[in-house]
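Student: Based on the hints, put chain B in the right spot on chain A.
Those protein sequences? They're chains A and B, same order as listed.
First residue of the first sequence: 1, per the working numbering; consecutive thereafter.
First residue of the second sequence: 1, per the working numbering; consecutive thereafter.
What the hints contain is simulated information worked out from the structure, not anything from laboratory work.
Fair warning: there could be bad hints in the mix.
[To be verified] Interface residues of chain A toward chain B, partial, derived using beta-carbon atoms under 10 Å:
1) Pro52
2) Ser131
3) Asn132
4) Ala133
5) Gly135
6) Glu197
7) Glu201
8) Asp224
9) Tyr247
10) Asp251
11) Ala252
12) Ala255
13) Asp256
14) Gly259
15) Asn261
Glycine included, each C-beta is placed from N, C-alpha and C at the ideal position.
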Amino acid sequence: MKIKRIGVAAIALAAAGALALSGCTSGGEEPTGSAGDPSAIITTNGSEPQNPLIPTNTTETGGGKIVTSIFAGLVSYTAEGEIENDVAESIESEDGQHWTVTLKEGQTFTNGEEVTANSFVDAWNYGALFSNAQGASYFFDNIEGFSYEEDSELTGLKVVDDLTFTVDLVAPEADWPLRLGYTAYFPLPEVAFEDMEAFGENPIGNGPYMLAGEDAWAHDEKIDLVVNPDYDGVRKAQNGGLTIIFYASQDAAYADVQGGNLDVLDAVPDSALETYEDEFGDRAVNQPAAIFQGFNMPYYLEHWSGEEGKLRRAAISMAINREEITDVIFQGTRTPATDFTSPVIAGWTDELEGSEVLDYNPEEAQKLWAEADAIAPYGDTVFDLAYNADGGHQAWVDAVVNSIANTLGIQAVGKPYPTFAAALDDRENQRLTGGTRAGWQGDYPSMYNFLAPLYQTGAGSNYELYTSEEFDSLVKEGAQAGTVEEATEIFQQAQEVLLQDLPSIPLWYSNVTGVSADTVDNVVFGWDSVPLYHQITKG
Amino acid sequence: MLWYTGKRLLQVIPVLLGATFLIYFMVFAMPGDPIAALYGDRPPAPGVIEQIREQYHLNDPLIVQYFYYLAGIFQGDFGVSYSGQPVNEILARTFPVTIRLALLAIFFEMVAGIVIGLVSGLRKGGIFDATGLGASLVIISLPIFVVGFAAQYFLGIQLGWFRPTVSSGAPIQDLILPALVLATVGFAQIVRLTRSSVIETSGLDFVRTASSKGLTRRRVVPVHILRNSLIPVVTYLGTDFGVLLVGATVTEGIFNVPGVGRTLYQAVLRGEGPTVVSFVTIMVLMYLIVNLLIDLLYAVLDPRIRYA
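Here chain A stands alone, though its shape is the one from the complex:
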C-alpha cells in the first residue's frame, strides 16, 4: 500500500455502561450460486511474510492474510466490518471495562490440542511481553499489567476455567470486542512456546485452513494451505484449499490472472487501472477500503482559527471538485468522502447533517471566503499544501490546489517533502506554513478508531491542535453508550460537529481494486480489503 504509516490507534476508550455482545449480528452472506467443487484449490496473490508466522508479530499484509486463514480468533469480521463470534461463545461486560469471555466447547488446534482459555491468555501474554519484542505488542496496552518499558505479566487476564477467562482493561472500552478479530488476538497451542521461531515456520492453528505439510511454505515462492477438517466455526471453507503465490510485482500477478494461472488478485497494478474494469467486467472489484484521506489546516496559523478559520475551511472544502479529481487522476479508484470514517465501517452514512459542505459549490465558496475576508483580509498570502513526495501524491495535490486557486482567486501551491518522516516531523512540531495531507487507516472496524485519536483535544494524532468541547463530550458519551447502535448514533452526531468545524477537510476514501478469473465465484472483499477466501467457490 502506498499510504505510509497513516496511523495507529491504541488509545483506551473512556467508556462505562453495560454491553453484551454474545448474540452479535451475523452479517456474513450465505454463498450464492453454484456450490463449487469442495476439493478445488483457490490460488491468490500475496507477498513473502516479513516475519515468521507468529500472530502477535504479524502486522503487515503479506503475513496477515496467511495467519488469518490458519488461525481463528474469538470473533471474525464479516464483509460489512461487523463481528461474529468464532471461537467465542460469548464476550460480555457489565461496565465495558471488566469482560468475561467464554469459549465454545470442543474446538481443537490441528495437532489435536484443545483450544482453552489458556491458549488465549498465554498467547496474549507472550505477545505483550516487552522482551519478546512482538510487533503487535501495543494492541495489549489497554489490558491491566501491560508495560512498554519492562517485562510484566498481563495481570488483567485471569483464567476462570478451561473455557472461561476474564479481562480487566485499564479503562472502560465499549467496543473492545471489535478488536478481537485482529491477528494479534489469536490463540496459540502449547507447543508454540517451546520454540517460537520454529513454530513460526510451521505454525499450528485452529482456523479454516492449515499448512499442507512440512514444506508447505516455499519461501519467496508460495504457501500451500488446505482445509482444516476439524474447524467448525463461522468461516467454514467452501473450497479445498488456498495457495498464496508470492509476487514481486503486481504486474506479474495481473499477467497471471489474465493468463488463467491465478484465480483471485486483490491489488490491480497502476498500469492496468485504465483497462481492468473493461477487461474483467463484473469480475472486477473497485470498492472503498477502510482508508480515509483528507487535508488539515492547522489552527495555529494566522487566518485559520476562530470564526474566520471556520469560514475559510468551509470555503476551500467547497472549492474542490472531488468527483472530477477522483475520476481523472485516480481513474475512479477513490470514492469522494461524505464523512470522516469509511463506508466499510458499521454506521457510515452519506446523509450526515451538514455534509453538503463536501460538495463542489464555487459560488458558495467565494461567498464564504469573502465573509472571512471581511473579518481579516487574506491579502496575497500564498496558500500551500504539504505532502510527502515519496507516496505518489503530487498529481492530486496539484489538482486540489489548482481547484482552490481557480475558485477563490488566490495563489495556491503544493509543498513537497522528500519523505513521509520529514513531513510528519513538521506536523508534530507545529512548524507547518499551510495545510497538510492527512490520512487514516483503521486498525479495526470501529468508528471511534477514526475519530478519537485524530480530533479529540490533546489526542495523539491531533497535530493541528483542533479543540471542541462539544465534540469531546459526544465522543466520551459514545464510548460509554450501552449498545453499539447507540454509540454509532452518538458518533454520527460527533461527526456533524466536525462537518461544521472541518478540522480535517475530507477528500475521499481509498478503494481496494481486485479481479478474479471466471473459474471462481463468490469473491467478496472484507472491510480490510482482503478477500474472504473461505467462501470462494471454484469449478
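Tutor: Just chain B now, with coordinates in the frame of chain A:
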C-alpha cells in the same frame, strides 16, 4: 598454468574485501529504518524496534557491524535476514534458479548468435547478411523490459504458448520464455561479433593457404575460420554470463522468477544489509571465477596463447 591460476585466485581476496566493504557502507548509508519497514503500515512500539536493532547490532558503528559480518563469513555464515531467515538458505534457494536461467539464456544466444553470425560473415553483403544486421540493430536498441512485457503479453497471455510467469520451483519449461527474453540482448551482440570476426579471419593467409591446398570448405569453415574467430565471442560470452548471473533483475521481476535478481532487488528496497552484501559477495566471486575460466579457455582456442 597452475601458477597463473593460483596468482589469479589470490587476487580475488582483496577484490572481495573491498567490494563487501563498499556495499556494506552503501547499504548502511541508505535512508529509512529497515526494522520499521518490517511491520508495514503499523509501526510497533518504540521498545520493540529498539530491541530488534540491538539484536542485529544496528546501533553499533558501521565498522563494528562490518566486522561482526566479516567474522560470520569466515565461519561460512552469511548471517540472518531481518525477516529471520538464514541468508545461507536464501542463497542456496535462489542461485540454482538464476544459474539455470542464465545457462539457458547463454545456450539460446550462443547457438542462434554464432550460427547467424557465421552465415552472415561468410556471405558478406548478401540479403541474409543485411537482414541479420538490421534485425540485430533493432533488437539491441529495444530496452529489455519492453521485450519482456511484450513477450509476456503476446506469447504468454494472448497466444498462451508459455506460462506468463514462472511457477513454483522454476521448472525448465517455465524458464524458456524469460531465457529467450534475456538472450535477445546478447544474441544481437554475438551476431555482430561473430560476423566481423569471421570476415576478418576469412581474409587471413592461413585460410587462403588451407583452401588452396585443396581442403574442402566443410573443413575450412569450422576448423580454420570459426575456431579462430571465436576468441572475441568467448570473451563476450564470459562477461555476459557474469551479467546474466547478477543482473537479471528486470526480467526476473517481470516473470516472477524466484532468483537472485528479484531477491536482491527486494533486499535493497528493504535495506537488508546482510542479504545484500552476501549476494553481492557471491556475485563478485562468481564473476571473477567465470572470467578466470574464460582466460584459461583462450589457451584452448588459440595454441599461441600460453600462461606461465
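Student: Give a verdict on every hint.
Tutor: These are the hints, each one checked on the structure:
1. A distance limit of 10 Å between C-beta atoms decides the matter here; for Pro52/A the minimum to chain B is near 5 Å, and the interface restraint holds.
2. At its closest, the beta carbon of Ser131/A sits 7 Å from a beta carbon of chain B; the interface hint therefore holds under the 10 Å criterion.
3. Interface hint status for Asn132/A: upheld, as the beta-carbon distance to the closest one in chain B is roughly 9 Å, under 10 Å.
4. Checking Ala133/A against chain B: minimum C-beta separation of about 4 Å stays under 10 Å; hint holds.
5. Satisfaction of the interface hint for Gly135/A is found here, the shortest Cβ-Cβ separation to chain B being roughly 4 Å, below the 10 Å cut-off.
6. Because the beta carbon of Glu197/A sits about 7 Å from the nearest beta carbon in chain B, less than 10 Å, this interface hint is met.
7. Evaluation of the Glu201/A hint against chain B yields a held restraint, the C-beta minimum of about 9 Å falling below 10 Å.
8. A cut of 10 Å between beta carbons decides the hint on Asp224/A: the least distance to chain B is about 9 Å, and the hint holds.
9. Interface restraint check for Tyr247/A: the shortest CB-CB distance to chain B comes to about 5 Å, inside 10 Å, so the restraint holds.
10. Evaluation of the Asp251/A hint against chain B yields a held restraint, the C-beta minimum of about 7 Å falling below 10 Å.
11. The interface hint given for Ala252/A holds, since its Cβ lies 4 Å from the closest Cβ of chain B, which is under the 10 Å cut-off.
12. Satisfaction of the interface hint for Ala255/A is found here, the shortest Cβ-Cβ separation to chain B being roughly 4 Å, below the 10 Å cut-off.
13. Below 10 Å, beta-carbon pairs count as interface contacts, and Asp256/A has one with chain B at about 5 Å; its hint therefore holds.
14. Satisfaction of the interface hint for Gly259/A is found here, the shortest Cβ-Cβ separation to chain B being roughly 4 Å, below the 10 Å cut-off.
15. Evaluation of the Asn261/A hint against chain B yields a held restraint, the C-beta minimum of about 6 Å falling below 10 Å.
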